[in-house]
Structures are given as structure tokens and as C-alpha cells.
Amino acid sequence: MKRRLWHFHGGLHLPEHKQASMTKPVVAAALPDEIILPMQQHIGSPAEPVVKVGEHVLKGQRVAKASEYVSAPVHASTSGEVIAIEERGVPHPSGLPLLSIVIKPDGKDEWTELKPVPDYAQLDPSALRNVIRDAGIVGLGGAGFPSFIKLNPGPDNAVDTLILNGAECEPYITCDAMLMQERPRDIIDGLLIMKHALRARHCIIAIEDNKKVALTLLKNSLQEHEAEFLKIVSIPTIYPSGGEKQLIRILTGKEVPSHGLPIDIGVVCHNVATAAAICKVINEGKPLVERYITVTGETLDQPRNLKVRIGTPCIDLLNACGWREDQTDEVLMGGPMMGFGIPALDMPTVKTSNCLLARPKDQPHQQPAMPCIRCGQCAAVCPAQLLPQQMYWYARARDFDKIQAYNLFDCIECGCCAYVCPSRIPLVQYYRFAKTEIWAKERDKEKADHARQRHEFRLQRLERKKKEDEERRRRKKELLKKTQPKPDSEADIKQAAIQAAMDRVKAKRATQKQQKKNIENLNEKQQQAIEAVEKRRQRLRNAGADNEENP
Amino acid sequence: MLAAILILSVLAILFGLLLGFAAMRYKVEGDPIVDQIDAILPQTQCGQCGYPGCRPYAEAIARGEADINQCPPGGEAGIVALADLLGRDVKPLNDEHGEHKEKKTVVIIDEKLCIGCTLCIQACPVDAIVGAAKQMHTVIKDECTGCNLCIPPCPVDCIHIIPVEDDIKTWCWPEPEAELEQPPIEEPV
Amino acid sequence: MTEYALILVSTILVNNFVLVKFLGLCPFMGVSRKLETATGMGLATTFVLTLSSVCSYLVNEYLLAPFGLEYLQTIAFILVIAVVVQFTEMVVHKTSPLLYQVLGIFLPLITTNCAVLGVALLNVQTEHNFIESALYGFGAAVGFSLVLVLFAAIRERVAVADVPEAFRGPSIALITAGLMSIAFMGFAGLVKG
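Chains as they are written, first to last, in the numbering used here: chain A, 1 to 551; chain B, 1 to 189; chain C, 1 to 193.
In isolation and in its complexed conformation, chain A is listed as follows:
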């Protein structure tokens, strides 16, 4: 029965270079001299160490716990002694160090006590998710998002389709293809566990049509009753069909909304290796401590896939495959489109490492760029239907508002645009630069807003303090006035002195008034008149005194 498939916009047909690493079966890589486990091998917050230097740990023992919800624990990938917990270089384009637990293997590779889950179907989905979380499972397709979160649809969403991504569209990389060939049943078992956790209705395993052996083996491993809800679909080989949004478009015809997640349209997408890892956790009780890594490139004598303990230094793997150092220009972690140069080869492989690619010298990709001729080829191949040319011009002009208007954050950095550019402009570098600048600006703005709040609070605090001081002074003054009413104060003493002086003056005037003038040589008539007036005066004086006493 032919299943209907859709196309996504753009995309490229790239030379595959896959055969070279698929000629030999997968073997375990040799035990290295040192295992370096960075605390952050996933998206989210770094894990926190729970062991001490000098402690002896077993394989699969938890050495670091998840610090927050979006975080993952780290487990020792071999038994040995913890010789250091310090900052070590990690495979990241910045070359900056990260706290890492360094283990010296004791050679025994002894497992810790394993606790498989006997009947997962009886478990509640949230309990199942916790088991997966405690095993440190993250997306092994390259992003490293903690898988237990992507197995939680949330209370408001129903999962219609669970997709396992076995596309592996990037050239050179074959680790998923080998996994599908060697352990098809594990993948299907893992899918069934995920289906139970998500309560998904339909399941699809998508494989590019260049992996015919994997397709056949998977189809043969499928049991009849499983075929009712699980379809194994072959999709056309085109880069980047393995991109989550592109794969969903191919299989369901639906587009994941911009700034949205696949769960918004009822779809969840996981990598096949993640499914196999989940199967190991449930059926064998083994946490995530190893993965398949493709070690390939033109300067290797024996390119192949290896089963690698997480934390193995890259140089060990390269040496195991006959690496010709003098002919190698650089070693990429990842594929030729999306990989980055490893700053130093003693850096460890981490949970998300899927490939080590040794590039020979004298490759044309390093030639300097030329001016943009506005040909528009980039827009024709963009799988996210963006306008790379416009984003380039605005990134160059540092106009970060305008570039976001062209949906910069929907860019999946697949590299198709840079691949076809006739002027060899490193377009993806511009977009990465713009994205990190915008994030840095947002962080600065948050910090500035916070500083403004603190400053305003400080001004308020000083204002309040000033008011409180004034209030206190006022109250003190009032208190003093109330408790001391007697005229012992300076003002009252003055008042008393003034009163005394006034009394004296009054008395003096009174006596002066009583002294008579011009009373010599008076005749009898004048004398009588004077006496009559005196009597009258006396009478009035007595009446006035009465009045004074009784006002």
C-alpha cells in the first residue's frame, strides 16, 4: 500500500559518502585511558556532581544529578576512580571549558546494580518518564533535549502520531543506519515504550530510501499485530529530510507553526537511537552510557562505526580507525553540513556526538567570500521557506529587529543556503552570529530592567528614610513642649522681669501723682476749691479701686 508523502520546500541532493563506513559491523571501541564526563551534554541546566574525587564508581552509576526540570543526570560510562572534578575543554565551537568529572578506568568495566522494569505497560506514564529521566536519556539525534520532557504531551495535548526519525540525511553519517541494521527489534521495543508514555495513536518509523538493508530488516522485525498502528515508511533521499519540521511535513503534510512545537499539531518526533536507548533502560536497566559513533573521512584507513563509551576522547577513536594526521586539515564533530571543528582532539565525545569527520587538506570550502550578487539561489533551497538573502543583508548591517521580522529563529542552520551560494558567503555564520547577538541583547535588557528597579527602590528607600527622620524629629519636639509647661524657661524669666519693671513704674507714677504742685500763697477761696476737688477725686479713686477689684 503506497502511503501518501508530501514535499518540503527546497532541499538539496548531496553526494552521500556513506558506503565507506558501512562495510564493517559495529564493534566496541577500546577502553580509553581517561573518561571525561562534562556536566552539560544536554539542553537545559548543567548537572551537579554527586561524587567526590577519589571515589570509586561503577559503570552506570549516577555521578551527577539533574539540577532543574530541564536537565539530565550523568552516569559513569565505565568503572574506575574519580580522579578529578574540574573544568575541562568540551567539544563546543567556543572552546570554553566546562565542569567535568574525570574517571580513570580500572579496566574491569563493571556494571552497577541494574534495575530493569519488568512490565512497563503496568506503569503509569509519569512513572515511566521518571525512569527514563533518571537514566539520563537525551535526544541522541544531535540536539540533546531531555527525552522525558518530549514524552510528556501535557494535560491539554493529545498525541496523534509518534514519529521515529531514521532519516539520517546528512552525508557521511551512518550511525543510525547501522543501529537500524544491527538492532531493529530494540528500536521497535523502544518505540512501544514511548507509545505507552505518550498514549499515541499512530506510529511511524521514517527511513530514507538509500538505506534499503535497514528498511528490510526493520520491516522483518515488525510483528503482525504491531503493523496495525506502526508503519515503516521509506522517504525520498534529500537533505535535510531528517530535520524534525521537514520530516513532519513529509509524513503528515502539516507544518509546525513558527515559534511552535510539533506537539502543537499532535506530533512527537524522536530519534531511532533514543528509542533504542530507552529500550535498554527498561529491558536491561542500563542508563545511557554508550552510543554508536561514525568515525569517517578521506584521511582514515578504516572508517567505520564504533560503539563508544560516552566521555571517550576523540583522539582515541581517530587512532582506532587509522587516522593520517598529516593529511588531515581539521576534524569535525557532526557532519559536513552542520558539524563544527573540534577545538582540541583530546576533548571527549558526549551524548550528542554522532560522527567524527576527518577532512583532508586542500578542500575548496575555505576560500574567502565574494560580494552577494542577489541571485536568489539561497531562497530556492531553504527548507524552512525563509529568505536567506534578506537575513544576510540585515545581519551584515546589524539590524537585529529587521532580521527577526524575517523569522531568523525559524532557521534550522542546515547549511543548504551556504552550500549553493555562488559567492561562497558563509551564510549560516551570519545567522548564528545574529542569533547569539540577539540573545545577548535580551540578557542585557533584562539586567538593565533589573538594575533600574533596584535603583528606583533605592531612591524610594532614601526618600522614606528622610521622611522617617523628619517625623521623628517633629515628634521629639512636641514631646518636649508638652512635658515642661512651668516658666523656668528663658522666655518666662524675661516675662517676670518685665512685669516687675512695669509694677515699679506704676508705683512711681502713683506716688508722683499724689505730690501737689503750686500750693504756696493760696487764698482761702482757692484753698476751699482745692479741698472740694480733692474730696471729689478721693471719692472717684475709691470707686475706681472698687472697680479694679471687681471688674
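You may find that some hints are simply not true.
[As the list claims (entries may be wrong)] DSSO-like cross-link-like pairs, simulated, lysine-lysine; straight-line CA separation at most 30 Å:
id	chain 1	residue 1	chain 2	residue 2
1	A	K466	B	K91
2	C	K34	A	K435
3	A	K441	C	K34
4	A	K104	A	K115
5	B	K104	A	K441
6	A	K441	B	K103
7	A	K52	A	K18
8	B	K27	C	K94
9	A	K465	B	K141
10	A	K447	B	K103
11	A	K65	B	K169
12	A	K52	A	K65
13	B	K112	A	K435
14	A	K402	C	K94
15	B	K134	A	K476
16	A	K494	A	K466
17	A	K445	B	K104
18	C	K34	A	K402
19	A	K402	B	K27
20	A	K435	A	K254
21	A	K254	A	K24
22	B	K134	A	K467
23	A	K513	A	K535
24	A	K435	B	K27
25	A	K65	A	K195
26	B	K91	B	K101
27	A	K466	A	K482
28	B	K141	B	K103
29	A	K447	B	K141
30	B	K134	A	K465
Simulated from the structure, these hints should not be mistaken for laboratory data.
Fit chains B and C to the given chain A structure using the hints.
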């Protein structure tokens, strides 16, 4: 002649009344542009612009008293953002007010030398220094904006500037190199 | 009915006030750096032009013509335009302070926009009636806004492009305006006016 004067006068009075009424109806209180300018400024509260803080500088710009190129911590990006907002021309940063430092810095108190005088606490515009009289003072690294206002008041010179290093979370991709103006000359085969 | 459609087509495209009649070039060059500003200016000018076109017609028809005072048209129209612009300024200041700050001096300068006075005087010259005057003013403003928005969009892209040193800034803007004008000349002769 009279008719002309009369007509124009009537028109003028009519329109005058209309405008007066409209002026009352559409009265604008305050100036929200100040908030928008303040949102662009980096909130270091350092005073290098010549104003006691970012808000007074924002108000001065809105009034037209201050130019937009007086803020060193904001740097070129800040000037461009202000120019965009206000429709003015982009100018280079005015050297009189200091230079823009690319690397962010914070300060640290050398605890061996601190005498607990609280002068730096009083100077810090965002209260990023913890301490009390005769007690040890220390700077809260996450709150420090790098304004360096605490350094002059310290009587024992125990405050030092240290750069803030990038870690993996804050690391930025570098800007790609500018391209060639002309294609490289290829030797004929 | 066709009359009105023709007036609109004429003022918006064929005899565009900015690119064909070369009126109103000041705000055209001054406000076209950013698309948002240009849109705001276009809307403000539309409001002003339509209203002042109508008011000018009414003033001319009922106050100037009956008393034989046509020689006062210039003064009277400028008075009307100034009042309308003042009113618009107040409304913009209240409703969108950001647009007010961004337009800056160009908002009151709509008063001296020769396109606005031009519309008022041309209405008189071509003896339009009330509806024709209103449509003429509205069409002129739509044409102005159209061209302003187009020009702003081009200028935004040109600003980040690789322009040779000697041409950066106003030079390339004027060259672009000239090319746009040539493009609009393609409509020449379709409608008389």
C-alpha cells in the same frame, strides 16, 4: 475692501475657537517618550552622561537639552537605537563623556583591607554592596552594573575592577569577516 | 461615476503629485527613512489633504466667490490648511506620542507642503464641485502615501546594501526617486490632468 477684512476676520475667529476647543479636548499629560528612551539606556546609573542617573538623562533628551551620544556604557548600539527611536542622525560617541568598554566589568572588595566605613554602600546606585558600619562589606556580583561609582569614595582603595568572563551560556558567535571587494584572481590552467 | 474613478486614477497614478507634478518633495525625502514613519506620515497627510481640500472648497464657494474676493484665495486657503494641520497635530500627539516624536518637525511642516495648497488651488482652477474636490484631495493623498511607502521600503533596503562611498545617503535616495519618477511617467497621457 471691507467685505474682505470682515470675511477673513470671521474665518480667523471661527478657526481660533475651533482650535481652542480642540486644544482642551486633546490635552496631553506627561511625556511617555521619556519611558521609551529610558528603556533603551543601559541603567548603569554611572552619571558619565553628565546627569545623575539614566532617568534624568532620558528626560533631558526628551526635552531636547541633551544629545543622544553621551552614554558610554550604551555604546554605539545605544546611540543607533536612540537615533532610530527619535528619528535623529546617528553620531559617534562623544569622547568628553568617556569611552565605551567592550568587555563588561564588575568590582570586587578586597576584604583584607576593608574598614567598614559604609561610604561605598552609600555611593552604589543599585544597592549592590552588602554591609553595615564596622561590618565587612561585599559586592553582590550579579547586581553590580560596573558603574565604578564606589571606587572614588573608598578611603583605603580596596575596591578593584575585574572583567566578566564569558562562559558557554553567554558566548557569542563572532561576526563573520567582511568579504572581498573583488573576486580572487585565479591563475589560468 | 466614471468621472470620479478617473479623478482617482489620475491623482493616484497618472498625475501623481510627487513623482509627476513634483510637489510635496520635502516630506517625501525627509520622512522616508523608515517604513513605519512613512506610513504614519501618509495617514496624517491623507487626513489633512482631504479635510483641507473640502474646507477650502467650502470657503471659496460660500465666502469668497459670492463676494468677489477670489484674490484672497491664497491667504484663506493657507489659513484653512494651517488650522487643519494644527488640529491634526493635536490629535496625533494625543493618540500616538511616539509617532508625534518621530515625525517631529515634519508634522507641522505639512502646512507648507505645496501639494496641499496645490490641491486646493487646482480644485478652484479646474472648477470641481464638492464631491470632485473631496475625491481630488483624497486621491492626491493616496497617491502621495503610496509613493512615500514605496520609497521608504526601497530606502530601507538600500541603506543596508553595498552602495559606493560617493553615493551613500541622500545621493542614492535622490537617484532612486528619479528612477521611480521615470517609472511613473509610463502612465503619462492616460488621463488628462
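- Message: Hinted pair, alpha-carbon criterion (30 Å max): K134(B), K465(A). Please report holds or violated.
- Response: 21 Å, holds
- Item | Restraint check for K134(B) with K467(A), where alpha carbons must lie at most 30 Å apart | This hinted pair holds, its Cα atoms lying about 26 Å apart.
- Taking 30 Å as the top limit, are the C-alpha atoms of K402(A) and K94(C) close enough? 28 Å, holds
- Message: For a C-alpha distance cap of 30 Å, please report whether K447(A) and K103(B) respect it.
- Response: Holds, at about 15 Å.
- Task: Compare the distance between the alpha carbons of K445(A) and K104(B) with 30 Å, and conclude whether the hinted pair is satisfied.
- Result: 14 Å, holds
- Under the criterion that the straight-line Cα-Cα distance not exceed 30 Å, is the pair K134(B), K476(A) satisfied? 28 Å, holds
- Given the hint that K104(B) pairs with K441(A), test it: the Cα-Cα distance must not exceed 30 Å. 13 Å, holds
- Query: Given the hint that K466(A) pairs with K482(A), does the C-alpha gap stay at or below 30 Å?
  - Reply: 25 Å, holds
- Query: Given the hinted pair K34(C) and K435(A), is their alpha-carbon gap at most 30 Å?
  - Reply: 23 Å, holds
- Message: Given the hinted pair K465(A) and K141(B), is their Cα-Cα distance within 30 Å?
- Response: 26 Å, holds
- Does the alpha-carbon distance linking K112(B) and K435(A) stay inside the 30 Å limit? With a Cα-Cα distance of about 43 Å, the restraint between K112(B) and K435(A) is violated, given a limit of 30 Å.
- For the pair supplied as a hint, K441(A) and K34(C), confirm whether the alpha-carbon distance does not exceed 30 Å. 22 Å, holds
In summary, the numbered hints that this structure violates are 1, 7, 13, 16, 19, 21, 24.
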